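Peer 1: Given chain A, put chain B in place with the hints provided.
Protein chains: 2
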Amino acid sequence: MVGFLDTLVFLEQDNNESQDVDNLVSFEKDWDKNKVMLLSNQPHHLISNISYRAAKPKSEERDYKTKSFELAQVVRATCLEIDEPSSDSYLKDVLGKYTKKWLERTHHHLGATHDAGYPINSNFDYSVLGELNRFSINNVGDPFIEGGYGVQSRDFEIGVLDWFADLWEIKKDEYWGYITNGGSEGNLHGILVGREVFPEGILYTSKESHYSVFKAAFILRMKCIQIETLTSGEIDCNDLKKQLLQNKDKPAILNINIGTTVKGAIDNLDLAIQTLRDCGFSRDRFYIHCDGALSSIMLPFQDQVPRVTFKKSIDSISVSGHKFVGCPMPCGIQIARIEHMKELTNDHDYIATRDATITGSRNGHTPIFLWFALNRKGKQGIRTEVKQCLDNAEHLKERLKAMGASVMLNKASIIVVFERPPEKEFIKRWQLSCTGNIAHICVMPHVTSDKINEFVIELIEKRSTWYKDGGKQPPCVASDIGKENCVCPLHK
Amino acid sequence: MVGFLDTLVFLEQDNNESQDVDNLVSFEKDWDKNKVMLLSNQPHHLISNISYRAAKPKSEERDYKTKSFELAQVVRATCLEIDEPSSDSYLKDVLGKYTKKWLERTHHHLGATHDAGYPINSNFDYSVLGELNRFSINNVGDPFIEGGYGVQSRDFEIGVLDWFADLWEIKKDEYWGYITNGGSEGNLHGILVGREVFPEGILYTSKESHYSVFKAAFILRMKCIQIETLTSGEIDCNDLKKQLLQNKDKPAILNINIGTTVKGAIDNLDLAIQTLRDCGFSRDRFYIHCDGALSSIMLPFQDQVPRVTFKKSIDSISVSGHKFVGCPMPCGIQIARIEHMKELTNDHDYIATRDATITGSRNGHTPIFLWFALNRKGKQGIRTEVKQCLDNAEHLKERLKAMGASVMLNKASIIVVFERPPEKEFIKRWQLSCTGNIAHICVMPHVTSDKINEFVIELIEKRSTWYKDGGKQPPCVASDIGKENCVCPLHK
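Listed in order, the protein sequences are those of chains A and B. Numbering that gives the first Met the number 0 applies: residue 0 is where the first sequence begins, and numbers increase by one. Numbering that gives the first Met the number 0 applies: residue 0 is where the second sequence begins, and numbers increase by one.
In isolation and in its complexed conformation, chain A is listed as follows (with noise of 0.2 Å):
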């Protein structure tokens, strides 16, 4: 049995806690075995062993009952069995299924900050990089270092750092870095490296960060303390300063997020750097780490918005290259002060053999599709990019603004975030993400202004039957997005 909620209210087992997870919009229960199975709509949503009340759904009586239940495992239902040895025409058969229903998903989403589509242009003869799954490319180990294995694209890898060291001003011999599996393993590298440059620093960063950074904390042992945000979703730079000040004699790690995920908003690095230095910690006291996220590769392309570079006082930054370049699969670029690398490398103890990357074996065919994806785009074609997603994500903000939704669309940022539509099926179909009372659109290039239209004239259609009656208002987002943003009837 599968349902649908509207509102789950759970009690953490040890703390008995309520929290509202919003984010799970079905649930399998079975309270003979005394096991529940529950879907978010979340990507980063992991759930265990932790003890609920649900509301019943469709009935106003609401029937508590607390269970406990184990790691859910919702997908199980449709996966694919190894039918071994299997024949070419199944095998052909299951992957014609899924790239039809790929193409229709890769056509709906605007949610996500993937580039679903990756972007050749269709006079491309496109079998010269099918042909890459021929081989086993491996850069594994240093990209600076060439392995014994010879089928590797270092060469490939080095022109793609060297071209974001050139977009984030750092020389040649300045920097190190390496083509990650993505943001993630970049975040969980920097904070690292920022460890080991101080291995008694505390790490800052705000509560609206990517959960990417505190599990870097929890990965690495690091105490984090959390930082408040302002409505923006920016750091708040007056508590940043009152933690500061609070643990002086620890020297400070700070991750500054270029856009966080849901509010796109891009941390005030120049005041993170003059409240580091108002608090009395030196340059040697600090290691800056920037979650590049969506808007680190943008800002460069952007006149008259904050510039993250090199130039100023920070020690690494890690982006994604499958959200702005464009690859089919995740990969990130990992960028660090080559200085900071002896304390990743030096010697301990029981490492005989040195490797700075986290991983060992690294994906080779990842640097090709992004050396390929930049050579083809160009800077121009990426200033032109962003240039279009800052007018379409403008354009998408006024639609919802005239249709009389809350809507907020931080400065330099193509993440739209408005009020959360109430229907479950709308929400799936545009494969929106929600937090809370709000929704987002990360305005990508995939993300055209017919893809909007259509989907405002749904909006506008739909919100007419969801708010017809008068009674069922549309949520106040004023504490997500501020009061000025907010028009549900308590603010409009």
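Hints listed in this document are in silico derivations from the structure and should not be mistaken for laboratory results. Be careful, since some hints might not be right.
A pair counts as met if it fits within one copy or between any two copies, since identical chains are not told apart.
[What the hints assert, rightly or not] Listed below are the simulated EDC-like cross-link pairs for lysine to aspartate or glutamate, each with C-alpha atoms no more than 16 Å apart in a straight line:
1) K491 - E227
2) K427 - D449
3) K96 - E130
4) K171 - E80
5) K241 - D165
6) K491 - E393
7) K378 - E233
8) K170 - E80
9) K222 - D172
10) K247 - D283
11) K310 - D172
12) K310 - D269
As the structure is a computational prediction, the values presented were derived from the model and not from experiment.
Peer 2: Just chain B now, with coordinates in the frame of chain A:
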């Protein structure tokens, strides 16, 4: 200037200990710029900031210089600068050039454990898999919880995980796992789970373990005790016992190698568990992670070999997917007892969302390749390949023995260890992995008997040149592979 050296003697900057870094085969120096660039023939070497004395090439007169240098940046010379925007024909040319190079390198490599040629029968319409690169497939987060992003391949992923769970004898509802970016990430994850189960635990692992195990201890800030090995390369359980008894107050997290990197040695799991018991470690005071490496997928298809199974007191296994199964990019399979995942997903103050994987965004292509390969090969196909590899390894060992070379082949292993050839060019040409005085060949499915014969004939010819005068002698490898296997002048 790039030159080859016979010997490089290194002085560690800090502790002044001299160290023979045998794997460095070339260097580029610029005395004026105070820089030296080094080229390693080992994939895992990262050299930075150490001082050295170098014996000048082609000269009996030794000229020792001591300089410190920065991280070696040796492959920049050939790196492919992004020359944007580029014409399609330029891009095609570059890819074509590299494809040719990779084909050539794929033919010769013997040392690497990567199956470079993706095993596709020529009668299969290859374009079906080539098409995958059109999609950005991302299994972001937990494999068992469907995310909001629609273009994903969890159905394939769980199919593959179930196949391995079945292989290692753990029930579907008793395991949790995911497809990683390679064996190193798997080791990091398995040891992280062990740490969360026993936060005060000490990691024990043999000194011949893969460096990713030591790196995991470093990343995870865990105490790690290195255990001595037998000549075979197996963990020495007498030493393990000694160390365990000295640390009885702390829980034990034991890494077991199911095939060491250099010698393919399989740690004696049963004896290790018995040793834990003998030292008073009850089941609730130890965690065993198995670095499945190459052999954990092979053992289940062999007769009269030790069994690696969750029916024994083990807690997690990780294995590389790109090695024996075959996949164009690095990947791995990670399986752990589901009960331990509670520890990993427990609330850690600042982690609001939870994700038990190391990275967040995850490659959605690798599960499809693995699923595809397993379907096509089937268990019977793998059994046949395993037998063929074992036979070929035995054949290679006999041929090496017959030519008068020192050689060792562990039971149930496909890694043939033998005396290191004295010619760098020969090593490079065959992409042999070398450590000290030994070289090894990993007889993977692509190392056919034809390729072995080609190699053996060339080696016989070369040996007659290298050792013709009776002046130069093959190296003594008694300390590496035992007196009984060494046929150097002293031991033969």
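Peer 1: Please list, smallest to largest, the hint numbers that this structure does not respect.
Peer 2: 1, 2, 5, 6, 7, 9
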